[in-house]
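With chain S fixed as given, assemble chain B onto it according to the hints.
Protein chains: 2
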Amino acid sequence: MKLSQRAQLCELSPMRKFHPFAVEAKAKGRKIYHLNIGQPDIATPPVYFEAVQHFSQPVLEYAESPGRPNLIHAIQRYYDQIGVHYDEGDILITTGGSEALSILMMCILDPGSEVLVPEPFYPNYNTFIRAAGGVIHPIHTSPEEGYHYADRARIEAEINENTRAIMITNPSNPTGVILTPEERQMLLEIAKEHDLYLISDEVYREFYYSGEGLATLGACAGSDEHLVLIDSVSKRFSACGARIGCLISRNKALMAEAMKFCQARLSVATLDQVAAAALYTVEPEYFETVRREYQRRRDTVMEKLRQIPGVVCEEPQGAFYLMAALPIDDADKFQQWLLTDFEDHGETVMFAPGHSFYATPGKGVNEIRIAYVLKQEDLARAMDLLALGIEAYNKAH
Amino acid sequence: MKLSQRAQLCELSPMRKFHPFAVEAKAKGRKIYHLNIGQPDIATPPVYFEAVQHFSQPVLEYAESPGRPNLIHAIQRYYDQIGVHYDEGDILITTGGSEALSILMMCILDPGSEVLVPEPFYPNYNTFIRAAGGVIHPIHTSPEEGYHYADRARIEAEINENTRAIMITNPSNPTGVILTPEERQMLLEIAKEHDLYLISDEVYREFYYSGEGLATLGACAGSDEHLVLIDSVSKRFSACGARIGCLISRNKALMAEAMKFCQARLSVATLDQVAAAALYTVEPEYFETVRREYQRRRDTVMEKLRQIPGVVCEEPQGAFYLMAALPIDDADKFQQWLLTDFEDHGETVMFAPGHSFYATPGKGVNEIRIAYVLKQEDLARAMDLLALGIEAYNKAH
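Going down the list, the sequences are from chains S and B. Start counting the first sequence at 1; every next residue gets the next number (this note's numbering). Start counting the second sequence at 1; every next residue gets the next number (this note's numbering).
Next comes chain S alone, as it looks inside the complex (with noise of 0.2 Å):
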């Protein structure tokens, strides 16, 4: 029986060829530091979990397929509070960000299309795009540069006539850059001369540590047909196992075509849209101290990577991972050896090799994506053994 050449161009997650390493690790009593994963430790605030107790309806419905009413008004109210109004219409709930990318890519790419992203990027974009017949065509950054993509030249140089679309993150997983103002009108500029669509995937957008605050492609003057917007609740409020995600956008042939698959597969989870129209009625309080401690667990990360030699590094903006190119041949070997070979009483680290994060064959071999969701005094330690580590790796190679 045949299996379909797209599956067979998609990866499994490239983390998980270190799972087996890790569990061999820990069956040594090694305590492994996991810088490689994005869930964050943050609290759920409360009445994600009260509103799922209060719910008192004696059958568990299916929810109307572009989302429940109450959930989409407060996605509305939050959008007016940073000065963007979208009709109803023109958001679809979705399970996670994931499935809006999923049904974007769904009615917008053709066998043979291309995505502009700017690499590196986060990695499952790649099978989403995969799964509708097309591919990602990267935009490339450096190190030295600091991941800095939003350049005019750089990006239309890349656009021929496959081209369905420029797609960014913003704040970037997993650079940390954030995109200016004077950048975002210009990425729009792009899209609308060359006729694409801008996607924004947002859903760090709470997460910056500098500059103007909150900010969203959505408030470029013009963007009504080009522009679509991925987001999520997961790292808003720490709710990444609720699920719970939206498209966004003022194109009403689009989301036409979007609503045909959010209707075939019926609706996203009842409760789990109940509860996040709750986490919308937190106060402005719970992001400033979830900010605060990012921050925070940041500047702990670059103080540590500064110390050590050979590092390249500018300092994210945002989201709550950064990258780095290491003094190492490697990062997927240095990797492997941290679990097999490597221990500084009796513990190491885990972080993403930079490799799967490209488009570009050969790029990011020795780069590495650091995500901070540790506590402070975990993280300073984990970065000391980053450094011990290096150095220990480049004297046995």
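Note that these hints are calculated values from the structure, not bench results. You may find that some hints are simply not true.
Heads up, the list lumps identical chains together, so a pair's fine if it works in one copy or across two of them.
Unchecked claim - Under the rule of at most 25 Å between Cα atoms (straight-line distance), these lysine-lysine pairs were calculated in the DSS-like manner:
no. : residue 1 : residue 2
1   : K252      : K2
2   : K17       : K252
3   : K2        : K192
4   : K304      : K333
5   : K31       : K363
Leaving out everything else, chain B in the frame of chain S:
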């Protein structure tokens, strides 16, 4: 900007086009009996809500990509009880049976691939198959033959070089047809002989009203490589809003591809998985009670249908749907007229017109699907309204 060809080939829910007329009828004070939707009115077992209330982790984290082990083990025990053992790796938890179908089609279809499906079929199959670039190739049935499709010669005549799978719903939505053990084995033999996947959507497994009782194609000898099951808690436990389903197969190569898509979308909602595992602890009496209730409803509908002159309908053996051919010209026109021009004591009725359950153009035009998900007295009244409607419609046309 372009929209994908696949999206344009998909359709909005066929039930949806009558929504504006229903809204208008309700605005005029009409009461509508809904036989058009498959949302059961049976209470969800309270263990679901209890499990959710007892969840006490402070962070709502991502679940494991293949599903929470606890839920997978509950499903394994359920299958062990019906005499079929699956290993943990044979089961992937999905966001409803819908996502199981979507991921499966992504794994097995390429552009131009065909899936043999007996028509009439669940209309959303169209979208999942179209999304993956494939198309439904129908196996013909007729109301006069009670929509039976399990005929070896008829099925084999439709197999060609593009055929990748045979997909059935057993018990069937929309026809209520249930396969005999011999028919199940025969379908598997066809799949093996022609090297096809055999996909059995068994989400209505508990809803049988005669014959051998709980049955699954998983019990067929030699089904390991070819068989794929689609399952869900939605109908089994009247928990449609949980969006918990699963994809089951012993075909390791297929499940390895499916895992890629599971990893890309990260996980299924955590709380719903916790609660779904609790559903599997309900006692067998729960199913007995529900089954008796649906059987009474089916009997009520059949008794009423037999009294309408010119209706063609065999008694359905399972699920909670039936298809019937009516003595009218066009079920679409008839449905619209029932909403705009008909009432009896201020009441009217809705069903699902038959043609959208077919892939063959022109078929099912005078057929309807009835979902018997209302209380008996409401069902009886709804069927009387249908009889009165047919009479009045035929007089007026």
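Here is how each hint holds up against the structure:
no., hint, in the structure
1, K252 x K2, "between (38 Å within a copy, 13 Å between copies)"
2, K17 x K252, "between (42 Å within a copy, 18 Å between copies)"
3, K2 x K192, "between (41 Å within a copy, 13 Å between copies)"
4, K304 x K333, "within (22 Å within a copy, 72 Å between copies)"
5, K31 x K363, "neither (30 Å within a copy, 65 Å between copies)"
Comparing the model with each earlier hint shows a violation of hint 5 alone; every other hint is respected.
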